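K.L.:
From just these sequences and the hints, can you work out the full model?
Following the numbering used here, the numbering of the sequence shown begins with 1 at its first residue and continues without gaps.
Worth flagging that the hints you see were computed from the coordinates, not collected in a lab.
Please read these numbers as outputs of a predicted model, since none were measured by experiment.
Think of the CB as a built atom: it goes at the ideal place given N, C-alpha and C, for glycine as much as any other residue.
Be a bit skeptical, because a hint or two may be false.
Only pairs whose alpha carbons sit at most 30 Å apart, straight line, appear in this in silico DSS-like list of lysine-lysine [said to hold, decoys possible]:
id, residue 1, residue 2
1, Lys111, Lys7
2, Lys337, Lys28
3, Lys209, Lys270
4, Lys134, Lys28
5, Lys209, Lys159
6, Lys270, Lys337
7, Lys353, Lys111
8, Lys353, Lys7
9, Lys159, Lys248
10, Lys134, Lys337
11, Lys337, Lys7
12, Lys270, Lys248
13, Lys337, Lys353
14, Lys7, Lys134
15, Lys270, Lys111
16, Lys257, Lys159
17, Lys209, Lys134
18, Lys270, Lys134
19, Lys353, Lys134
20, Lys7, Lys28
21, Lys257, Lys209
22, Lys337, Lys111
23, Lys248, Lys209
24, Lys28, Lys353
Taking CB as the label site, the calculated pair distances span [unchecked claim]:
id, residue 1, residue 2, range
25, Ile354, Ile244, 32 to 42 Å
26, Ala351, Ala241, 46 to 56 Å
27, Glu115, Gln349, 27 to 37 Å
28, Leu164, Gln133, 33 to 43 Å
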Amino acid sequence: MRVAVPKETTAGERRVALIPDTVGRLVKAGFQVVVEAGAGERAGFPDPAYAEVGATVEADPEALFGAADLVVKVQRLVRRDDIGCHEAEMMRSGTAVISFLHPYAAPDTVKLMAERDLASFAMELVPRITRAQKMDALSSQSTVAGYKAVLLAANASGKFFPMLMTAAGTIPPARVLVIGAGVAGLQAIATARRLGAVVEAFDVRPAAKEQVQSLGAAFVDLDLPTQDAQDAGGYAKELAADHIRREKELLHERCVKADIVITTALVPGKRAPVLIPAATVAAMRFGSVIVDLAGEMGGNCELSAPGQTVVHNGVTIIAPLNLSSDMAYHASTMYSKNISTLLEHLAPQAALKIDLQDEITRGACVTHEGQVVHEATRALLNHEVSV
1 MRVAVPKETT AGERRVALIP DTVGRLVKAG FQVVVEAGAG ERAGFPDPAY
51 AEVGATVEAD PEALFGAADL VVKVQRLVRR DDIGCHEAEM MRSGTAVISF
101 LHPYAAPDTV KLMAERDLAS FAMELVPRIT RAQKMDALSS QSTVAGYKAV
151 LLAANASGKF FPMLMTAAGT IPPARVLVIG AGVAGLQAIA TARRLGAVVE
201 AFDVRPAAKE QVQSLGAAFV DLDLPTQDAQ DAGGYAKELA ADHIRREKEL
251 LHERCVKADI VITTALVPGK RAPVLIPAAT VAAMRFGSVI VDLAGEMGGN
301 CELSAPGQTV VHNGVTIIAP LNLSSDMAYH ASTMYSKNIS TLLEHLAPQA
351 ALKIDLQDEI TRGACVTHEG QVVHEATRAL LNHEVSV
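P.N.:
Structure representation (C-alpha cells):
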C-alpha cells in the first residue's frame, strides 16, 4: 500500500503528517511511504531523514498524489496554487485521505471528495473511546496549544508570573483565569502553575472541577445545575440563555480581577460561545492580556480578531490561528503517532480495509464510495441544497 505525505500548503502550517521515526516503523510493517520533497523541513525533519528510514522522496506533487493509495495530511485537501489544481483532483478514484477535514467549515471540499469517489477520514471525528486514545489528535494538538498560549500570554504581559522576593520589595504573582478546562485548558493551567501564577479556572462540565483542583488551581463554580452541560462524548454542549447570562456575569467578576485570561471554550460544529463581552474588556485592568484559543471558531471574546493581536482600553487580545503549528516539531511528533495508529487500524497488514461496522472507522469516515456517510455532515449539505 502506497502512503503519500504531501507538503502542507495552507498558510502558516508548518507541521507534517508523518515524521521519519514513524515512517520507519510503517515501512517495516509493509507500507510504501512517499514523502513530497520539503514536506517536513518546516517542522525540523529534512528529506534525508525520511530517505534514511526507507521512504521515497518525490519532488513532483502530481506524481505523489496520482500514485497514492492513501494520502495523510494535517490540513484538509486544498487547491495547490503552485500547480493550479486541487489536491482531490489529482487523486485516483477509490483512494483515501486522512487529515483534519473540518467538514462543517469546508462543505465544498466534502462534496468534491464524494464526487471524486475518495474515502476520507477526519482526525477530529475519531470517537473518544478507550481503544482510540492513541488516535486522539484533538487532544494531542490541544495540549500543544494550551502550553503555547501561556507562553504567549507571559510574553505579552508586563508582569512576572511567579511571586518574587527581591531587595526592591515583594512582587505578587500574576493572577490567571482559564476559561474551559478541556485538554487545552488543563495544559494551560498546568503551565501557568509551573510558572508560578495563581490560577483559577471555569468550566460548565461537572467533571472538570476535580481535574482543575488536581493541578493546584481554584475552580470557579457557577452553582447552577450542570447535568446537561456535556454530551455523551464528554464535550461541552450549547447552554440555555439564562445559564449563559449567569455564566457571563460570573466571568465578568473574575476577568476584572485577572492579569491573564486564557479562553478555550468550544462547542463542536458550532460557533464558539462569546463569554467575554466588550463591556467586560472595558472593565479589565490596564495591561491585562487575553489569549483567545477559540479564535478559529469566532472567538470567546467579543473583541477578538481571529489571527490578530489587538489592544482595547489597554487590554491586549491575542486570537491565534493554528497555534499548534508554532511548535511544529513536537506537534508533528504527536500527530504522527495519532495518524499512524489510525492508519494501521484502517489498513491492517498494510492493506486498506474499510469496515463501517467498526465504531472508530464509522465515526471518523466522512465520505466513502461516492457518498457522504457522516450523518451530521450529510444533513448540513442537504440543508444547503434545500435552501
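K.L.:
For each hint, tell me whether it holds in the structure or not.
P.N.:
To see whether the hints hold, each was checked on the structure:
1. Lys111 to Lys7: At roughly 23 Å apart (the allowed maximum being 30 Å), Lys7 and Lys111 satisfy the hint.
2. Lys337 to Lys28: Holds - the C-alpha atoms of Lys28 and Lys337 are around 15 Å apart, at most 30 Å.
3. Lys209 to Lys270: At roughly 24 Å apart (the allowed maximum being 30 Å), Lys270 and Lys209 satisfy the hint.
4. Lys134 to Lys28: 20 Å, holds
5. Lys209 to Lys159: 28 Å, holds
6. Lys270 to Lys337: Distance of about 28 Å is within 30 Å: holds.
7. Lys353 to Lys111: 23 Å, holds
8. Lys353 to Lys7: 26 Å, holds
9. Lys159 to Lys248: 26 Å, holds
10. Lys134 to Lys337: 7 Å, holds
11. Lys337 to Lys7: Judged against 30 Å, a Cα distance of about 18 Å means the pair holds.
12. Lys270 to Lys248: 19 Å, holds
13. Lys337 to Lys353: 20 Å, holds
14. Lys7 to Lys134: Holds, at roughly 24 Å.
15. Lys270 to Lys111: It holds: about 20 Å lies between the C-alpha atoms, which stays within 30 Å.
16. Lys257 to Lys159: 14 Å, holds
17. Lys209 to Lys134: 25 Å, holds
18. Lys270 to Lys134: 26 Å, holds
19. Lys353 to Lys134: 19 Å, holds
20. Lys7 to Lys28: It holds: about 23 Å lies between the C-alpha atoms, which stays within 30 Å.
21. Lys257 to Lys209: Within the cut-off at roughly 21 Å; holds.
22. Lys337 to Lys111: 29 Å, holds
23. Lys248 to Lys209: 18 Å, holds
24. Lys28 to Lys353: 19 Å, holds
25. Ile354 to Ile244: 32 to 42 Å: 41 Å, holds
26. Ala351 to Ala241: 46 to 56 Å: 52 Å, holds
27. Glu115 to Gln349: 27 to 37 Å: Because 30 Å falls inside the window, the suggested range holds.
28. Leu164 to Gln133: 33 to 43 Å: With Cβ atoms ~40 Å apart, the hint holds.
When each numbered hint is compared with the structure, no violation occurs for any of them.
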